[in-house]
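Chemist: Residue strings, one per chain:
Protein chains: 2
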Amino acid sequence: MEKKKGRVTLPSENNFLAETKELLERWGADAIRDSDGTKLDEAVKDLDAKIYTTYFVARNHNDFIEEHMEEVQQLYLMSQFNTATSTELTIDFMKGYFTEQITPDYRHDPKVWWEVIDRTAATVVDSQSWEIDQNKHTLTIKAAEPFHEYTVSFLVYKIWDPTQMYNHITNNWGDSVPHDIPFDVRQPHSNKYMADTLRAFCENNPKTDVVRFTTFFYHFTLVFNDLAKEKFVDWFGYGASVSPAAFQAFEAEKGYRLRPEDIVDQGYYNTAFRVPTKAYLDYVDFISRFVAKEAKKLVDIVHEYGKEAMMFLGDNWIGTEPYGKYFQEIGLDAVVGSVGGGATLRMIADIPHVKYTEGRFLPYFFPDTFYEGNDPTIEAIENWTTARRALMRNPVDRIGYGGYLSLAYKFPKFVDYIEQVTDEFRTIYDVVKGSKPYTGLKVAVLNAWGKLRSWQTHMVAHALPYKQIYSYLGTLEILSGAAVEVVFISFEDVINEGVPTDVDVIINAGDAETAFSGGEHWKNPALVAAIRQFVYQGGGFVGVGEPTAYQHQGRYFQLADVLGVDKERGFALSTDKYYTQVVDHHFITADVADPNQLDFGESMHNIYALDEKTEILQYANGEIHLSAHPYGQGRGVYLAGIPYSAENTRLFMRALYYAANKEAAFMTWQSSNIHIEVHAYPEKGVYALVNNTNTIQPATIYDGQQKEQQVTLEPNEIRWKTI
Amino acid sequence: MEKKKGRVTLPSENNFLAETKELLERWGADAIRDSDGTKLDEAVKDLDAKIYTTYFVARNHNDFIEEHMEEVQQLYLMSQFNTATSTELTIDFMKGYFTEQITPDYRHDPKVWWEVIDRTAATVVDSQSWEIDQNKHTLTIKAAEPFHEYTVSFLVYKIWDPTQMYNHITNNWGDSVPHDIPFDVRQPHSNKYMADTLRAFCENNPKTDVVRFTTFFYHFTLVFNDLAKEKFVDWFGYGASVSPAAFQAFEAEKGYRLRPEDIVDQGYYNTAFRVPTKAYLDYVDFISRFVAKEAKKLVDIVHEYGKEAMMFLGDNWIGTEPYGKYFQEIGLDAVVGSVGGGATLRMIADIPHVKYTEGRFLPYFFPDTFYEGNDPTIEAIENWTTARRALMRNPVDRIGYGGYLSLAYKFPKFVDYIEQVTDEFRTIYDVVKGSKPYTGLKVAVLNAWGKLRSWQTHMVAHALPYKQIYSYLGTLEILSGAAVEVVFISFEDVINEGVPTDVDVIINAGDAETAFSGGEHWKNPALVAAIRQFVYQGGGFVGVGEPTAYQHQGRYFQLADVLGVDKERGFALSTDKYYTQVVDHHFITADVADPNQLDFGESMHNIYALDEKTEILQYANGEIHLSAHPYGQGRGVYLAGIPYSAENTRLFMRALYYAANKEAAFMTWQSSNIHIEVHAYPEKGVYALVNNTNTIQPATIYDGQQKEQQVTLEPNEIRWKTI
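In order, the protein sequence lines correspond to chains P and R.
Going by the working numbering, the letters in the first sequence line up with residues 2 to 724, in that order.
Going by the working numbering, the letters in the second sequence line up with residues 2 to 724, in that order.
Treat the hints loosely; a few may be bogus.
All copies of an identical chain are treated as equivalent in the list; a pair is satisfied when it fits inside any one copy or across any two copies.
To be verified - With a cut-off of at most 20 Å between alpha-carbon atoms, the simulated SDA-like pairs for lysine to any residue come out as follows:
1) Lys663 / Pro526
2) Lys297 / Thr54
3) Lys468 / Thr581
4) Lys614 / Glu26
Calculated from the structure, these hints are not laboratory results.
Pulled out of the complex, with its shape left as it was, chain P reads as follows (with noise of 0.2 Å):
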């Protein structure tokens, strides 16, 4: 059989000719990339592969800003807090700032667009009532109120890239390299330069056939401490977006003025957990319009010049919101991100109105992984894994890796086993792309973010670990390589449209008052009566943590009818609470062999059940981790939280499957053995078993009459099967 060829890409370098067009066959790929740090000689530019070349539109280019410094980049910050201790306060806001990242605005007048707050009063001090010493930075308040916290927001121009300051701190650059400046596209020069400097670049590089746009303009908000180490990070901020002019187009087009509060959020910086206001959604929608206006721009420059415009997922990617309604208008050829998981992988493969898609696995090819006496391939068989069942639902259109190419090329079993990934990639690409696998289920995921936070849930910093997220992260990386189908929707759409008739069970995640769970939205009767509605006429409702919580009227969680649980804080502890009693057998642990050893994670505390009629499946330490509940036709199921595993997967697709009260198909193409998963193709009459372990795995497998077969698969095999 001859060997498939394509949808990889490679990185390369300088001076590595021979082995890259050995690996370009091997790997059988057809792109070459650069990287941060290296660049592409000739040779391989001219080797049979289309090349990307990464491109950076905002920075890069301190000759031209340094002559427009009133058009750096800015940002809003608010100083620490405060305590006045007599009637007289000056603060040093800069306090705890790396000054080399950020230094003042002075250009527009602090007492326009500052604003100092008196946070244990919750007022803003009159402007007249301050003044600032712009020597030292200081702000000083002449009536402060004793015994008050004050906090000053302030405008700063950002005047050190924060990737390329990454890099540059973390590789100790020092002096050999200068400090890239971000320039900002909504300014005049700033916006010119952009275009005519693409055009340059496209003029000059006739062997780019891919501009890989690093990203557009602003960057994800990332501001560092006074000791060079990171101080604030949201993946998701649009923090470094801001200006006077943004302020003032933003009046112009919504018809109101924005404060500085609206920016700087009490601190929090309107981080994808708070519960989002109408002014910062809108500031949201304001920005990703300006974006996709002028990103498009330059798309078009890169299509003029006959080459494809790739973005990449991530640095300067705010306000182009890949599931937002301006990203059409971009009118990008490709996005490529990096996957640490199923769940990204499928923000990657998920993203419509691209032509393809592409996603970097890792690990990268740098000496943190690749050196003398470590096995890169253990990570590599992780990584694969655990995004080849995500790969299963939908793939992303290509693969590629990063990094130095003759670092990866000293590990000859590494680069066995990436030939083999490969291979497997474009099997597996050419039955499931464009096929609609199998699904038992349509799912909907339900917060405050709705569709435009597709798969990008309860993530501060791009795929970092954090602890108070994982019990619910599970559930999107659950998802992502499950047989089910799963859309994203927000309160608003439940509010305006009702629950899409279609949807089998909706999903809501997360700690009280977050975006995911929802705070103050479940205070509204639309809301809650809709979700109501929905499962009593035969719907699925599945909480983890805090669903629905908000504090109001006797309850906690506000579709505690519908759960049967809810949470004790004290305020119902003079009510007995009789029902405790664990039931014997259920269709959602049927494969637990010890409800007692599951793994809630986190988990939380004080929930109990509200009648009888709730179904306790585990309880310890004097409280419900798992339950489930009957209302009218449909029912709820409560789980604690959900971290990620085999064991996991299999309990919350049962709890979906007895959400939705279709037990009866849940072993229709199921495996009885939790690390084999099956997907079948019957479009193209095929089907898949998946072993994601490292070890040998016997199994029974239903197929989609749910008749019994045995199998043995060898570690991490795929197979294929005919249907």
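With chain P fixed as given, assemble chain R onto it according to the hints.
Modeler: Only chain R this time, still in chain P's reference frame:
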């Protein structure tokens, strides 16, 4: 040395004269009481001892109340939540209630006195929109909103006294004993009857020296379910004090009308964990004033007959509020209450405005403890040593026991032990009473209830354990026997009068948004500013659990600046948390071998340090459970929870001394061994070493000049020494 006598009360019963005399002698008792279910015969009453006779004011007279059923006591109850699935909804509002205990009040117009609430929309349904079927006990809403939840707040008559009901059901009294129907002394016939009946009682019981009121008018809220089991219990609940007459009198007195919802409170019924509303505080004030006025009439009658009036702290005690402003007016001679440990002992002993207090110790002489093969001494030792710590600080004036003396008599070892206890009590009393013990600190427990609920925080039903309270109750139990002066202050106190100048440390302990933590009170600038000033000038602030918690202006803990820690709720995840390093040595943990073995009870998740000044004393699972923080001249200390134990007593005491900046004084009248406590009485020139364990304990003792001496104490020993 002659055996001391007195200060002890014995239960007795019929046909037990000789043994009663023997125990009277051996235990040095000088009073004899009857109990529920026991009566004293004349011979016993003639012994050389005061005779206590239990007296019920508002029940036990069905012959009277059956003629005046319109004067039966009432309750406001809330139905279950009921979901409308169409535009008509019929609610079985009595569902889940015990029809032998309550019956709906149709005598007062439900359209006036009841309330139907749309809990989804948080609106009251117009009384024109619903109708009642008095035969079926149902209420029908004609124009319901589909998938909204509705509740009915309805008035009932309480046709069975809860305490008698409990005893009746528990002991299977069946048809032989009628159900006591409680009557409301606010009503004219009942009011006259209670006085006449007491007068007759006094006439007919010349040998009664002490009328033991059990108790006055209104029982704490205790409602049973349709299975005749406890449904709702609140030892502080005013639920059973309501009536249309009371509401009308309230309106006349306070100038505004209460709603049923002011009592029903979303179904939480104003449990003490709810931050009390102004209306509820007004209502407590209103009922307390009435109870004091009416109780005084009874006490006056008792005094007229030359007898003493003693009140039982429990049962129908609602409105007496021993720490409230009307209690003194009642003119009681004594209060007696059940002792569960140190905190409950102090709750009795600290009551002002009575001649004496009495603690009823455990175990009761009941068959559940006094059965063959069991050693009741074990419980007695546990109860005595736990409460003894508190006696050393402020003793009750008398101790006593309850139940069947004949049962106890069968356990000679128990009789011997109580002989020893009674002797020990009299010795303690003679030294401690009226002599101010050495105290190293003055602490103020700060919550929404303040002095009114001294020693009564975090309590649901008297001394019953709950998962949600023990981590906080530890603070009171520790303080009850510690060398500190304890006051209870409310947020109102701080706002109106500031922090008392002689207070060293403020303690705020509780779950977020409970009355004990404070909830919305923490939004009040006057409150937080006053406490900041207090700490800044050198005071201490100790927070336990979720102190000062209320999400507001960028903080969850409103005094995060003082405590140096806050709780991560997801909103600040984007901010890097660098402060995780545990300090090597610290005053607070000086006696702790391994901080990771500390017991924080239910503990608290996601606590993080605000800045580098936070001294982290224990850090596990990515979160802080114990820390300290400087603030001006003062300090804040944070604890995730502090269940009562010897280890935690030491830890908490060190935390208090550290917060107060008085570490140097800690080793004054102190012991090296955490199981031995030292109590000094400088006015009397003596001090006591108390072994709180059942085992021999060696220790180094530090006297008033911190001079050392070595001692070894016998199990449970109390050793007196001269200064």
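Chemist: Does the structure break any of the earlier hints, and which numbers would those be?
Modeler: The structure conflicts with hints 1 and 4, although it agrees with all the remaining ones.
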